[in-house]
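Novice: Listed here are the chains, written in short residue letters.
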Amino acid sequence: MDYLVGVLLPQLLHGLVFGAALGLLALGLTVIFGLLGVMNFAHGELYMLGAYAGIAVIGVTHSFWVALIAAPILVGVVAAVTEMATLRPIYRREPLYGLILTFGLALVFREGARQIWGGDMRRILPPVTGSTPLLGMTYPNYRLFLLAASSILLLALWLFFTRTRAGIVVRAAVQDAQMLDGLGVNVRRVFTLTFAASGALAALAGLLLAPIFTVYPQMGVEMILLAFIVVILGGMGSMGGSVIAAFVIGIAQSLFSLWMNPQRVAIAIFGIMILVLIVRPRGFLGREGVLE
Amino acid sequence: MRRMTWLVVLRALALAGSWMAAPALSQSKVVKIGDLGSKVGVFEGYGKYQTMGMQMAVEELNAKGGVLGHKVEIVSEDDETKPAPAVRKAEKLILQDDVKLLVGAVSSGATMAVMDVTKKHKTIHWNSVSCAEFMRTTKFHKYYFSNQPDSRMQANGLAKYILDKMGKKVYIFYTDYAMGQSDGRQFKTAFEKLGGEVVGVAGAPLDTKDFSPWFGAINQSTPDVLFLAFAGTDSLRLMTQLHSFGMTKKYRLAGIDCFLLQQDLPAIAEPMEGFVQLNHFSAFNPDPNMQAFNAKFKKKYGIDANIASGAYDAVLFWAAAAEKAKTFDPDKVAEAHEGMCLENTHIGKQCIRKDDHQVVMDMHLYRVEKGRNIPIARIAGSDTIGEPMVGKDPVEGFTWEIKKK
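These protein sequence lines are chains A and B, in that order.
Numbered according to our numbering, the first sequence terminates at residue 292, and the numbering increases by one at each position without gaps.
Numbered according to our numbering, the second sequence terminates at residue 405, and the numbering increases by one at each position without gaps.
Simulated from the structure, these hints should not be mistaken for laboratory data.
For glycine and all other residues, C-beta sits at the position ideal for the given N, C-alpha and C.
Just so you know, not all the hints are guaranteed correct.
Which residues of chain B face chain A? A partial, calculated answer using Cβ under 10 Å [unchecked claim]: (1) K209; (2) A217; (3) T222.
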């Protein structure tokens with residue numbers, strides 16, 4: 001019982017907290033993959049820009065809550081402009097062009113942030129402080145808030161994609177953009193708005209995780225690798241699969257830390273990915289044919 | 001007109017006289033010394049205090065006419081807390097600036113890398129902050145000196161107190177690079193030798209942002225005491241996170257010399273309450289030498305001194321050795337250092353041991369109370385320094401394996 005409460009339960013909670021935040025980041029990545037057919041290498045940098053935009057907004061307004069709304073909007077605008085200016089002209093080309101372009105964009109954003117804000121690590125103070133006694137253990141309130149906020153956002157996104165017309169249009173675009181175009185939907189606008197929303201989602205994840213992980217120009221690089229694994233595990237382009245995979249990775253990472261140094265847990269995570277790709281190449285909920 | 005001419009002549013003679021009477025310092029002879037350390041990032045605090053300590057010593061020396069009639073000037077470089085830039089900057093300081101003394105670096109990994117450079121270019125090298133044990137053992141060279149208690153000295157000082165007063169089961173959590181590994185190795189060896197039980201060990205990378213993935217394994221091993229070998233902003237984050245998970249109340253905590261600087265304590269006074277730390281200097285130690293140094297430091301900078309300001313002594317030792325050798329020749333200055341004692345260091349009289357160039361330093365155990373390091377025991381330097389082990393691994397055959405009792 002002591003082991004369950006003192007050891008396993010906190011680890012499970014760590015996993016859920018991290019998994020939920022990772023889900024937010026990976027969801028945008030998977031939607032963009034579905035739309036463009038390429039992995040957006042700049043997604044991690046949008047996550048990073050979210051945290052820096054948060055710092056800038058907090059500097060002016062002194063409010064984390066205002067930043068939580070303003071930062072995703074700011075990054076969403078940056079993403080929209082980026083999509084219109086750089087990605088749109090190459091939609092008809094091979095996916096490799098998109099891959100190289102987003103890789104270049106990642107470098108531009110990262111070095112741009114370094115030029116503007118410097119290379120030093122910055123802290124954002126958690127807006128919720130203190131700890132809560134929970135089932136015999138103590139857990140930080142901010143992490144509980146993070147779990148609740150991320151879960152609510154994931155639920156809201158699920159409702160958006162399944163219950164609203166706009167959400168259904170995005171899913172249709174992910175499935176077959178040409179058909180959607182033929183049906184008279186302005187696909188260009190759908191692409192731009194979806195890219196902007198995906199950037200805003202990454203920014204939101206960046207700002208929510210900033211009080212735990214701190215803020216620095218490289219922060220996106222460290223997270224994006226995990227987000228890629230989540231997208232591959234969940235099934236390329238599958239939104240539901242990504243959310244499931246994010247929780248699986250979060251919990252696995254947390255539980256593995258009990259038996260191996262967390263520094264080496266990445267090896268186990270890659271092991272899971274390789275195993276899933278061998279046994280079920282389409283991932284948890286992916287469409288047949290994407291990687292088969 | 002004749003009177004005017006005489007006045008001009010007299011004035012010229014007076015000027016010439018005052019020029020000749022002035023100390024040799026005004027002859028614009030300059031000797032440069034290098035200050036290499038972290039100016040930004042995880043160990044920024046230590047690097048800045050190292051610079052301040054050096055500046056204070058240089059001002060005192062220059063006020064007395066400099067060293068061998070040379071005005072002393074400091075050239076500062078940021079090593080980015082990494083070995084590669086540290087080596088690059090050390091070479092720049094030695095080859096381009098021609099420094100006769102190099103003080104630094106702050107990170108043990110960087111210091112060890114710089115030791116190869118100072119050995120190659122025969123440059124007097126003082127370390128006042130890094131504490132990995134390898135510097136005075138396997139990496140040692142004749143131009144290297146240290147007035148920072150290393151891992152062995154710290155482990156010997158802490159292990160007995162922890163076993164006697166804090167608990168018999170310890171979990172060692174360390175920063176996974178030279179300094180932390182060295183501290184962990186030495187502490188595990190010393191603690192087990194005394195009969196204590198190490199129930200778990202884990203290393204976290206330098207500059208870890210989130211330590212919570214390690215907490216499960218710590219809780220799983222049910223220790224009495226957490227021995228923490230971290231420094232700088234890593235320590236700040238670790239303590240904040242341990243506290244938010246209720247672990248600062250669950251376990252007793254102890255740590256190494258450079259775990260946190262006094263300046264950082266008030267900001268995290270609550271998580272640090274009761275933390276036991278070994279230090280060779282504290283602004284709150286009533287020792288008259290420390291108080292005198294701190295008063296001088298505070299007068300100049302408006303803030304308390306800390307362990308990193310011990311770089312002050314490094315400059316004074318080098319200056320005294322150069323004066324004794326009557327030359328800046330590195331071989332002669334190195335030899336002049338050996339066995340040298342100084343009365344006016346930041347902690348009183350200190351002597352350099354000839355065999356491994358380590359300053360024999362008395363240390364104190366401190367308990368953090370309301371954001372202040374309060375001394376609880378004095379440990380003689382002769383009890384902790386251990387035998388000289390130049391060229392040998394002091395914990396040969398060491399293993400991280402946990403011995404179950």
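Novice: The structure should be examined with respect to each hint, and the outcome stated for every one.
Specialist: Hints, one by one, checked against the model:
Checking K209/B against chain A by beta carbon gives a least distance of about 4 Å; that is within 10 Å, so the hint holds. At about 6 Å, the closest approach between the beta carbon of A217/B and any beta carbon in chain A falls short of 10 Å, and the interface hint on this residue holds. Nearest Cβ of chain A to the Cβ of T222/B: about 8 Å, under the 10 Å cut. The hint holds.
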